[in-house]
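S.K.: The primary structure of each chain is shown beneath.
There are 4 protein chains.
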Amino acid sequence: MSKHRFELFSDGVFAIVLTLLVLDLRVPTAHGLRALAEVWPSLLVHTGSFVLVGVFWIIHQAGLERVTTFSVAGIRWNLVALFWSTLIPFAAKNAAERPLESLGPSLMAASTGFYILSMLGLRLSVHSTLDDTPELLRWRARRFTVFLVLAVADLLAAGLSWIVPMAGYLAVAVVIGYVLIASHPADVERRMRGAVESGET
Amino acid sequence: MSKHRFELFSDGVFAIVLTLLVLDLRVPTAHGLRALAEVWPSLLVHTGSFVLVGVFWIIHQAGLERVTTFSVAGIRWNLVALFWSTLIPFAAKNAAERPLESLGPSLMAASTGFYILSMLGLRLSVHSTLDDTPELLRWRARRFTVFLVLAVADLLAAGLSWIVPMAGYLAVAVVIGYVLIASHPADVERRMRGAVESGET
Amino acid sequence: MSKHRFELFSDGVFAIVLTLLVLDLRVPTAHGLRALAEVWPSLLVHTGSFVLVGVFWIIHQAGLERVTTFSVAGIRWNLVALFWSTLIPFAAKNAAERPLESLGPSLMAASTGFYILSMLGLRLSVHSTLDDTPELLRWRARRFTVFLVLAVADLLAAGLSWIVPMAGYLAVAVVIGYVLIASHPADVERRMRGAVESGET
Amino acid sequence: MSKHRFELFSDGVFAIVLTLLVLDLRVPTAHGLRALAEVWPSLLVHTGSFVLVGVFWIIHQAGLERVTTFSVAGIRWNLVALFWSTLIPFAAKNAAERPLESLGPSLMAASTGFYILSMLGLRLSVHSTLDDTPELLRWRARRFTVFLVLAVADLLAAGLSWIVPMAGYLAVAVVIGYVLIASHPADVERRMRGAVESGET
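Chains as they are written, first to last, in the working numbering: chain A, 6 to 206; chain B, 6 to 206; chain C, 6 to 206; chain D, 6 to 206.
Don't read these hints as lab results, they were simulated from the structure. Incorrect hints may have been included.
Said to hold, decoys possible - Some chain B residues close to chain A (C-beta under 7 Å, calculated; not the full set): (1) Ala20; (2) Gln66; (3) Glu102; (4) Glu106; (5) Ala187; (6) His189.
To be verified - Here are the simulated DSS-like cross-link-like pairs (lysine-lysine), alpha carbons at most 27 Å apart as the crow flies: (7) B/Lys8 / C/Lys8; (8) D/Lys8 / A/Lys8; (9) A/Lys8 / B/Lys8; (10) C/Lys8 / A/Lys8.
Every value quoted in this text rests on a predicted model; they were computed, and no experiment measured them. Positions of the beta carbon are idealized from the N, C-alpha and C atoms, including for glycine.
Sequences and hints are given; from them, build the entire structure.
M.R.: Put into structure tokens, the structure is as follows:
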């Protein structure tokens with residue numbers, strides 16, 4: 006199974022999910038600067054959801070960059086992952102209209118947790134061997150564990166949101182923070198390969 | 006006619022159809038866990054329609070994976086197939102708002118039946134010879150027959166839905182079950198090729 | 006300028022325009038078969054507009070299949086062509102809600118006329134020389150003239166629609182008929198090349 | 006990081022943003038030519054926003070045409086740039102419904118300014134060396150400066166719009182004019198290379 010349609014289809018879904026978020030922004034009724042005051046909370050939710058879907062895309066791109074062929078199981082895991090990402094605009098709409106109700110943050114944390122779990126399933130199904138050095142394999146295994154912990158934490162937070170809505174927002178923010186701060190596989194590879202080459206001299 | 010635009014255009018349509026389904030999810034008015042109770046029926050319809058369009062995509066991808074050039078007739082069959090897939094969000098909206106009315110399940114079964122028929126027409130128009138072994142050709146012919154039977158059953162169920170709405174839902178569920186359980190052409194090829202190679206030793 | 010982004014971007018727009026048409030289909034209020042009676046006029050408009058956008062895509066694909074690099078002027082002509090295709094969902098919405106008002110058919114015919122003109126401009130800007138035989142070049146020149154006549158006829162019909170709304174629908178139907186019946190460049194090339202090769206023997 | 010997904014994802018977003026603009030066009034209630042009179046202001050806003058997003062696409066395509074690999078920083082800059090382009094449909098909706106309110110033009114100018122700044126950040130992060138001649142490098146540096154000035158002007162105009170709404174529209178029009186009139190990198194390269202080759206003879 007070639008990579009081309011896999012990426013085509015997934016990126017189509019991500020691009021649309023990202024853009025649908027804007028459909029719920031409404032023209033304010035107030036005038037002058039008060040119009041900005043009326044509109045900024047939904048702009049903030051739009052920005053947050055955009056960043057979350059952007060992080061989903063980075064996880065997808067980083068995880069599959071070095072993979073070139075996919076098994077049939079991989080196709081199914083990918084569809085499951087895309088399913089969870091299509092729920093984000095609905096979760097965001099709930100969070101924008103009723104930020105302190107449990108449904109919005111709970112759905113957001115649950116979608117994020119299940120998205121990460123599906124990506125880990127997809128990752129296990131591709132058996133990429135490639136030309137990875139032992140260091141890289143160790144790094145990848147550690148990254149896999151961190152994502153597993155993050156996913157479980159998000160699912161717990163999705164349940165906890167029904168008591169404390171803030172839990173859902175917090176768990177999603179932790180995932181965003183980790184993906185934006187942690188090293189990207191491409192960086193790690195370059196760094197490690199550089200180290201190996203210097204070491205050989 | 007090259008494969009590139011064929012896939013680009015089709016995957017664009019599938020990706021949008023998948024994502025449009027979420028636009029009809031409405032923010033509930035109830036509070037706490039009752040909000041979840043209010044929203045879960047439409048979430049269920051969303052999930053079901055997502056799986057159906059995902060199955061449409063798998064049929065498209067699996068059927069055309071080994072094909073590299075398309076005739077002019079193929080382009081037209083593909084447009085007809087895409088047309089039926091664009092009706093799914095409307096059928097799903099009907100099923101979500103009025104699940105026991107005939108229109109929703111009938112339209113869903115009819116779209117699925119005509120989609121499969123168009124894909125069979127597309128498949129016949131591409132004359133892929135490739136390097137198929139006789140076993141593979143036999144397997145492909147059997148798969149073609151199964152899909153033909155499924156398509157006819159779905160069209161009959163689309164008519165029957167006007168008396169028993171459940172018929173439409175059932176016929177669509179059978180297609181989903183078959184595609185998810187049956188072997189993917191890529192698996193079969195690998196297995197058969199493996200058998201041939203072992204046999205040669 | 007390479008072909009890749011050109012096709013990516015254009016097919017993205019076509020795929021979305023095709024799919025947006027379905028957003029205007031409304032769940033009927035009548036029961037049983039009367040629900041079908043209520044919904045079929047908008048299903049018919051959806052089908053007609055789908056076919057029209059499908060024809061736009063075929064014109065785009067057939068015209069640029071053998072072209073591999075684009076000038077800067079080509080990019081601008083393409084954006085103009087895509088602009089006219091984005092107006093089709095709006096023209097279709099007008100035609101569906103008020104079929105005998107002039108605005109719908111006039112906008113549909115005008116968009117079709119200007120779309121074809123932009124595609125002819127795009128075609129002139131790419132200077133494809135390729136390996137065309139004199140017969141093929143003559144065939145292409147004749148096809149160019151037919152499209153020019155069709156475009157002018159559609160623009161005239163767009164004006165006439167303000168007196169006789171039917172004129173717009175008719176002019177668009179003629180374009181659809183021509184594109185679906187006329188030979189596709191890929192067919193003509195194969196046939197002519199075949200003739201040349203047979204003639205050389 | 007390869008170019009493929011980069012372009013796939015970005016073009017998906019641009020294609021959807023372009024097409025979403027049409028969703029806000031409403032079927033007029035007046036009859037005959039008065040329907041056209043009722044609809045033309047929103048058609049004008051649609052056209053203007055289409056041209057603006059088209060210009061965003063040209064900036065993206067022209068800036069990254071010769072680049073083949075992207076750093077991790079590049080991915081993030083690109084997401085930021087896409088974010089600003091998703092705000093255009095909302096800014097356009099504001100401008101269409103309340104053209105003399107500050108919010109629409111201010112948001113439009115701010116999005117344009119920040120989009121250009123993100124593209125400059127993306128451009129700085131890719132370190133394209135390629136086979137550029139010194140003249141080309143000088144030309145690129147000059148172009149970079151012009152875009153920086155345009156971006157700053159748009160951000161100032163976004164602030165000024167709260168006093169004089171026209172400022173926002175004007176600043177965006179200047180960007181559109183510059184991109185459509187100024188030379189495209191592909192043209193400049195060809196011209197300079199031609200000059201070098203002639204000079205060598």
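S.K.: Looking back at the numbered hints, which does the structure fail to meet, lowest number first?
M.R.: 3, 4, 5
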